[in-house]
Amino acid sequence: MALNTPAGGFFASRLDRMIGWARKYSIFQYPFVTACCGMEYMATACSHYDVDRFGAGMPRFSPRQADVLFVVGTISHKLAPTLKMIYDQMCEPKWVVAFGVCTCTGGFYDNYATVMGIDTIIPVDVYIPGCPPRPETVLDGLMKLQEKIQMGGGGQGSGNWAADN
Amino acid sequence: MSVTLRKLKENFGGALFDLGSAFGDDFAVVHKDRIVEVSQALRDDPDLRYNFLIDVTAVDYPQRRPRFEVVYHFFSLPLRHRVRLKAPVDGSDPEVPSLVPLWKGADWFEREVWDMFGIRFAGHPDLRRILMYDGFEGHPLRKDYPVNRRQPRVGPRN
Ligand code: SF4
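Line by line, the protein sequences are chains S and D. Here my numbering is used: position 57 in the first sequence is 57, and no number is missing along the way. Here my numbering is used: position 112 in the second sequence is 112, and no number is missing along the way.
Keep in mind that the hints are not guaranteed to be accurate.
Derived coverage of chain S by chain D (criterion: at least 3 residues anywhere in the stretch with Cβ under 8 Å from a Cβ of chain D; other residues may be distant) [said to hold, decoys possible]:
| no. | stretch |
| --- | --- |
| 1 | 32-40 |
| 2 | 67-74 |
Examples of chain S residues lying across from chain D (beta carbon under 10 Å, computed) [claimed, not checked]:
| no. | residue |
| --- | --- |
| 3 | P81 |
| 4 | L83 |
| 5 | K84 |
| 6 | D110 |
| 7 | N111 |
| 8 | I121 |
Now the in silico label distances, taken between C-beta atoms and shown as ranges [stated by the list, open to error]:
| no. | chain 1 | residue 1 | chain 2 | residue 2 | range |
| --- | --- | --- | --- | --- | --- |
| 9 | S | M85 | D | R149 | 24 to 30 Å |
| 10 | S | G57 | D | E95 | 53 to 59 Å |
| 11 | S | Q89 | D | D134 | 20 to 26 Å |
| 12 | S | Q89 | D | D18 | 55 to 61 Å |
| 13 | S | Q89 | D | N148 | 30 to 36 Å |
| 14 | D | Q63 | S | D110 | 24 to 30 Å |
| 15 | S | C36 | D | P152 | 18 to 24 Å |
| 16 | S | F54 | D | P152 | 32 to 38 Å |
| 17 | D | R149 | S | Q89 | 27 to 33 Å |
| 18 | S | K78 | D | T57 | 19 to 25 Å |
| 19 | D | Y145 | S | D16 | 51 to 57 Å |
Simulated from the structure, these hints should not be mistaken for laboratory data. Glycine included, every Cβ here is placed at the ideal spot set by N, Cα and C.
All chains, please: the whole structure from these sequences, using the hints.
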């Protein structure tokens, strides 16, 4: 049956592509918003920049209904177990976006209270730098995430893609 | 000299280490055991009427003896003036009387000072940490808290 195809055979690889295509345009995100980056998240989500164009217009406030965890804002050590629990409650396949430098690296915080990057706690798929990132950067990150989903990458947070490469 | 400073000097001369005015704001350094009495007088005196406790905080001066200073800011809404009280506290067993019986709003301020500086407030109804989590060791705003010390609850430790 295999007709001139890469690994997996013609039918399976077509099916994967189709599933990837469907998944990348139906991103149900869980916005874990803790700090100032939340304002930029809202700006991106609202009509001017409109994440609905990318099929990500429907935030779910239950982790059990979400595919992508948007971690938006500073994460303190006090909050870290909650973030981990939310991540653990999400069904697979799941992806994580670190939104803003606070979540990427801790940002300008280097103190007793702040987690130095959420990737010390949970796996991250896409890092969006900026303090806060402009909506254009967020959309760039979102498209990187879509690319990754389409290619069947991540899902359990493997590999690291920064939004600017 | 403002009416606040004059009244403080007349009524509590023995309880004051210092008083004056810095950049237009009155301050007085008060013996910590008299702090409740002095702030009650600030609140109840009809010429002063400091009915608003704006803030309670503390400062750690590692070189000084006594080491800590608990700082109170008062404001009078009807008379629109303000004053700062400071109470020096010894570093070995820091404790000051609580202002919660006079101002309910002192509750969380004093918990914050306990959390950050480890200064106890005698008579506080519920002196627990407020910002840091249970199991956190030490008091992070003390100058001798190691600047690199991290106490994560999940993830790598150092
Ligand atoms: S990255 Fe900047 S804007 Fe975003 S949460 Fe941190 S401090 Fe706030």
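Against the structure, the hints:
Coverage of the stretch 32-40 of chain S by chain D is violated [criterion: at least 3 residues with CB-CB distance below 8 Å; count 0]. Only residues whose beta carbon comes within less than 8 Å of a beta carbon in chain D count, and the stretch 67-74 of chain S has 0; fewer than three means the coverage is violated. The beta carbon of S:P81 is positioned within 10 Å of a beta carbon in chain D (closest approach about 5 Å), and the interface hint is therefore held. Among the interface hints, the one on S:L83 holds; its C-beta lies about 8 Å from the nearest C-beta in chain D, closer than the 10 Å criterion.
Interface hint status for S:K84: upheld, as the beta-carbon distance to the closest one in chain D is roughly 5 Å, under 10 Å. Because the smallest distance between the Cβ of S:D110 and any Cβ of chain D comes to about 9 Å, under 10 Å, the interface hint for this residue holds. Checking S:N111 against chain D by beta carbon gives a least distance of about 8 Å; that is within 10 Å, so the hint holds. The interface hint given for S:I121 holds, since its Cβ lies 5 Å from the closest Cβ of chain D, which is under the 10 Å cut-off.
A C-beta distance of roughly 25 Å is found between S:M85 and D:R149, which places it inside the suggested range of 24 to 30 Å. Evaluation of the 53 to 59 Å hint for S:G57 and D:E95 yields a pass: the beta carbon distance comes to about 56 Å. Here the CB-CB span from S:Q89 to D:D134 is close to 23 Å, well matched to the stated 20 to 26 Å. Checking the proposed 55 to 61 Å range against S:Q89 and D:D18 shows it holds: the Cβ atoms sit about 57 Å from each other.
S:Q89 and D:N148 have their C-beta atoms about 33 Å apart, which keeps the hinted 30 to 36 Å range intact. About 25 Å separates the C-beta atoms of D:Q63 and S:D110, a value consistent with the hinted range of 24 to 30 Å. In this structure, S:C36 and D:P152 meet the distance hint of 18 to 24 Å, their C-beta atoms being roughly 22 Å apart. Here the CB-CB span from S:F54 to D:P152 is close to 34 Å, well matched to the stated 32 to 38 Å.
Separation of D:R149 from S:Q89 is about 31 Å and conforms to the stated range, judged on CB atoms against 27 to 33 Å. A C-beta distance of roughly 20 Å is found between S:K78 and D:T57, which places it inside the suggested range of 19 to 25 Å. In this structure the hint that D:Y145 and S:D16 lie 51 to 57 Å apart at CB holds, the actual value being about 53 Å.
The structure is inconsistent with the numbered hints 1 and 2, although it conforms to all the rest.
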